[in-house]
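Chains as they are written, first to last, in full-length UniProt numbering: chain Z, 1 to 204; chain S, 1 to 204.
Just so you know, the hints here were simulated from the structure itself, not pulled from any lab data.
Careful, some of the hints might be misleading.
Put simply, identical chains are the same to the list, so a pair is met inside one copy or across any two.
[Said to hold, decoys possible] Here are the computed lysine-lysine pairs in the BS3-like style, where the Cα-Cα straight-line distance is at most 27 Å: (1) K173 / K33; (2) K67 / K24; (3) K198 / K186; (4) K24 / K186; (5) K173 / K94; (6) K147 / K60; (7) K193 / K67; (8) K198 / K131; (9) K113 / K86; (10) K193 / K113; (11) K147 / K199; (12) K67 / K198; (13) K198 / K173; (14) K24 / K158.
If you're wondering where the values come from, they're calculated on a predicted model, not measured in any experiment.
Number of protein chains: 2
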Amino acid sequence: MNKKGILIVICGPSGVGKGTICKKFLTKNTDIKLSISATTRSPRAGEEHGVSYYFLDAQKFEDMIEKDEFLEYARVYDNGYGTPKKAVFENLEKGEDVLLEIDIQGAMQVKEKYPDGVFIFILPPSLEELKNRIVKRGSETEESFKKRFGSAFSEISKIENFDYYLVNNDLDKAVGQLESIIMAEKNRVSRYKDCILKKFEEEL
Amino acid sequence: MNKKGILIVICGPSGVGKGTICKKFLTKNTDIKLSISATTRSPRAGEEHGVSYYFLDAQKFEDMIEKDEFLEYARVYDNGYGTPKKAVFENLEKGEDVLLEIDIQGAMQVKEKYPDGVFIFILPPSLEELKNRIVKRGSETEESFKKRFGSAFSEISKIENFDYYLVNNDLDKAVGQLESIIMAEKNRVSRYKDCILKKFEEEL
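Next up, chain Z with everything else stripped away, as it sits in the complex (with noise of 0.2 Å):
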């Protein structure tokens, strides 16, 4: 069976840990690719074009979101931010799986264009924890704190939209549940039916 990858879309609120989710199960996962968003933004020490970002210019932007060319795009202050659909789309097609970590406003856009991806939401193990979390980073202003955090619960009311949850109490846990997640998904019927059909009545 030609099967298609597995479009996986990671949420959930600042400083849940999808970062640290995402990054063990790419190390135990290497045949999942992780998609490369791109941006306006100038690169930051470090940073290479085609690994972290794919860095464009502003009128680049602008065009492919003419061309309806990205999944998913935001304008934050003066940058712009996309996931560009070609690499995406070709690594699914070759039946790759592809990871997308992504904030809830995109997801919500990469739903409507491409519904038979795999929608997840990273949850806390209470509002409680997620404070802390955000506190101990220290990185935060008491006004990006507030800004942060006062809109984790209406994240999370948003979750009717998405098809899984994890809690992010245990590292090792969550990692685990997302791969029965995506084991179970290339189990499903609705997804590769037409394949499976096909293979049997090939040898009737």
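Fit chain S to the given chain Z structure using the hints.
Relative to chain Z, chain S alone:
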């Protein structure tokens, strides 16, 4: 979060190895309850009431149909077989997962009465291999072989009514995939959305 258990419905053509997969799965996952069927046929040597089957007389069986006390039932020649709702639902309410190994007609009845079940179809690696397995059992007459094998493709073509499929090529792999499916379902948002939102609302 006080979570309801999951009803796991396992189905597949005759000879595919459902029983072997279920047995190994239950041995490894002792917290999962196997549903016990009711039947009007007489106990065979070694069969125990409440363990192998609930043995009922024909009148009691008809009464239970009348009172809609079966999740599914069928009459095969002179005997009745069915899955009593009560024990299944009591376990699910207690948060315990219940496994039901059943034929396709039965699975479709269960789906109608309890669409929250997880419906899993076991596929053979190929029709040729299924044929070999039925022959190897050796217990088949020519006629019963034709009947069993003849219905295999028409059963497989009903796979679209199922949530997941498993290919029974390698027993351990199939059992591992079954475990992943159940773990994934325990992280499904649509199943536990209300619990999740309630938990975080209480913290506000």
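A quick look at each hint next to the structure:
1. K173 / K33: both (21 Å within a copy, 24 Å between copies)
2. K67 / K24: neither (35 Å within a copy, 53 Å between copies)
3. K198 / K186: within (17 Å within a copy, 31 Å between copies)
4. K24 / K186: This pair counts as both: shortest intra-copy Cα distance 20 Å, inter-copy 21 Å.
5. K173 / K94: between (30 Å within a copy, 24 Å between copies)
6. K147 / K60: neither (31 Å within a copy, 64 Å between copies)
7. K193 / K67: Cα proximity of K193 and K67: none, with 33 Å in one copy and 37 Å across.
8. K198 / K131: between (52 Å within a copy, 19 Å between copies)
9. K113 / K86: within (13 Å within a copy, 44 Å between copies)
10. K193 / K113: Answer is both: 22 Å inside a copy and 24 Å across each meet the 27 Å cutoff.
11. K147 / K199: between (53 Å within a copy, 22 Å between copies)
12. K67 / K198: Neither: 36 Å inside a chain and 42 Å across chains, both beyond 27 Å.
13. K198 / K173: between (37 Å within a copy, 23 Å between copies)
14. K24 / K158: within (26 Å within a copy, 39 Å between copies)
The structure does not agree with the numbered hints 2, 6, 7 and 12 stated previously, though it agrees with the rest.
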